[in-house]
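Asker: Required output: the full structure, derived from the provided sequences and hints.
Number of protein chains: 2
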Amino acid sequence: MNVVLDAVRAAISSPVGYIDQPNDMSPYLNDWRGMFSGDALCVARPGSTEEVARLVRIASEYNVALVPQGGNTGLAGGATPTGTRPQILLSLNRMSQIRKIDRAGLTITAEAGCILHAVKQAAKEVGRQVPISFASEGSASIGGMISTNAGGVNALRYGTARHLVLGLEVVLSDGTVLNGLRNLRKDVAGYDLKQLFIGSEGTLGIVTAAVLRMAPLSHQRCAGFVSINSAGDALRLLEHLHGTLGDCIGAFELMSDASIQRVIRLIGGRLPTSSAPWYVLVEAADCAPELETRLQEALIAPLEAGYIEDAAVSMSLNELQEFWTLRENMGEAEKHAGRSVKHDVAVGVCDVPRFLEEAATAIGNLRMDLDVNAFGHVGDGNIHFNVLGSRSKADDVVVNRAVHDVVARFDGSIAAEHGIGQYRVEELLLSKSRVENELMATLKRALDPALTLNPGKVVGIV
Amino acid sequence: MNVVLDAVRAAISSPVGYIDQPNDMSPYLNDWRGMFSGDALCVARPGSTEEVARLVRIASEYNVALVPQGGNTGLAGGATPTGTRPQILLSLNRMSQIRKIDRAGLTITAEAGCILHAVKQAAKEVGRQVPISFASEGSASIGGMISTNAGGVNALRYGTARHLVLGLEVVLSDGTVLNGLRNLRKDVAGYDLKQLFIGSEGTLGIVTAAVLRMAPLSHQRCAGFVSINSAGDALRLLEHLHGTLGDCIGAFELMSDASIQRVIRLIGGRLPTSSAPWYVLVEAADCAPELETRLQEALIAPLEAGYIEDAAVSMSLNELQEFWTLRENMGEAEKHAGRSVKHDVAVGVCDVPRFLEEAATAIGNLRMDLDVNAFGHVGDGNIHFNVLGSRSKADDVVVNRAVHDVVARFDGSIAAEHGIGQYRVEELLLSKSRVENELMATLKRALDPALTLNPGKVVGIV
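Respectively, the protein sequence lines represent chains S and B.
Okay, so the first sequence: first residue is 1 according to my numbering, each after it adds one.
Okay, so the second sequence: first residue is 1001 according to my numbering, each after it adds one.
Looking from chain S toward chain B, a few residues come up when the C-beta cut is under 7 angstroms (computed): (1) Arg182; (2) Ser200; (3) His242; (4) Asp286; (5) Cys287; (6) Leu439; (7) Met440.
Bear in mind the hints are in silico, worked out from the structure with no lab data behind them.
Just so it is clear, CB atoms sit at the ideal spot from N, CA and C, and this is done for glycine as well.
Answerer: So, in structure tokens, the structure goes:
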């Protein structure tokens, strides 16, 4: 393999672009949660698209596989090597230039290694926003965000990462560069090739740069915290708010009382409203004045009709942040509650109440003394239906099966926003139809016939 | 071929599902503008997805091609047979059921043959909207809208048809049904297969039904008509309005003085503002009160700074409609002005002013006594750069070449929203890179190896 390593070293102009010492490689070969760990011949950190292309040609020539990696913040092991083929970890983290901003056209062009937070900051500096928000945005990269079609709390209003991508530069499996870095908001000239690479987790091509859509910045921001009796009432509230306030509703999060109590035990603070089985955190944002008043007024009818129990509206950015702190610490509080089996599922929004009931029943029926920790982006049907109390990996599998069987009954998704990676490859095969699995395999074989790109991820072909 | 016709007739349960008399076939075999005309063995009008699947299997078995057609409102001959292979015209117009509406989840499920206007009405009846608008929406079908990734005047705010599609049911080239009719707003479980069929004009599969995203309805609507000196000033205005009013800016259209004068000569009416080289029609819509006042106030600074000359704000729906009538009659007025060579191009929004200048210069340099009729969705970079005065098809080719050469300099699109169809197949090959053309051909061969679906369209493979 020395000949491969020599070629890789020669392909990258900077000495910081090549790592082969185990200690230095370690941060790239383990995921941040310590769930996945892999092996690689070396870590290559190209500094340009041309260097990425060279590396792909080398990998292709020597029949070595490549594992692309951005900020290494994934939750499904998509950026950690797996399997027995010799692999090179290809980190894009040196490609971190913001290439261009078009304020009138609302576009920003960034390289794959740019950290999302930095790109959002650059947009903010010109009075615009990149409208996507998720927990790891301080270290997640643009390339990873696109490759996993990341979701987050604002998908309800702005869609997922896919909806932000106007153009892509991609290195294909044979080392040719697909230059689709166009900044066009309308383009139906032929097949929309970039769509292939969004959400395919680096298995069909390596994203090196992107043109992203920006959105105007909302001058007003305001949150409501609402006590409710059931998930069904939450949907009724969502319908009402869409009817009165329109699409300024940017986030609509559901949390169970047990989840909130765990957070309060961990970080202190207090419940903004009277206690109830469930809570909704709703955020509204727009440019028109008196948003607080409009949100308050919109909550009167639901209070009077009795399908919400209590409500508080943030009167300052501080208060808004206090509400969000309760939501944002759900994951941390769960971690302190011990071992958890996580499910990142989605069902149709109208099916959320029945899904929550049936999934809780399914967990109860296991008689394994488990606790459900359910919370999430109910406005877009994405529930983190996590289960506490499993004692072993064997138990995890049973729990997983039980939840995913309920998801299947609703024709839902077993991966709403965290991707398949290496973690859910088997589950994906089970959850999709034969037609879908075959079409995915057809695409993989058509675009990466030598199976050079991210083997063992997403599709079950290695 | 009688055996094929017998099989087709037997595949469709209703007698109205089969047409083979020339007079009855004629409306299906000619496009509405009279530009394209083709031949077919018969017209098949299946009543269900299963019947579509049967027809595809028959076509595949007998080596006959299929040309899918929706409302037959296309502008590029995508739904008209071409070439010499025996073909069956497959009209989806009998599949016109709206299957489901989820008001809380903002989704609507409709069959391919549904007319867009009917789907928009159904959404409106539950207080929501399907946020896409274009001239032919009274006869265009959902299937056609998706297959061409239609754009229109609201893409600035809501994106194109692609951004509305959450799930698709598709019949593949071998007659298997890809059931991806999921109503999920977040789903990263494997490759997003539906993206392949959006915008590929029926060449990779036949869309039979879709789940579309709805949006909240805006209670307030208001338009501004603005006189300006240059396209650059229009962009400055767009930036300013995005900065002050946010994303309630739903449409931002640019029209030249010559174009407007042609409309006024045709339909009467008057200019709402003082005359100037260019005009902008901007529409804002949201749920907050006093939108007229907010739009008026937002226009004060540009007037004072001198980069807009004059402005009028609609104070009623009637007045709003009067503004739009000027814009909506651009096409009709152009028709009355004689032969025109149409270009449906897009460039980056920031490049629009330079594009307009350079394209006008290129047309002037031809010394063919031509007039430019430029108007369009400048907010999303999509200009209908039409040229009047060409005297022959040979002249058309020269004009086309001149405009598309300028588009190429800006790395723009030769088909922003009207598609490739049969009209621009050669142009597409010329305008895309070798890598892009090869990847498109790879996809076509992978998904439709027998070339059964819509031969001679989009990709240059027949």
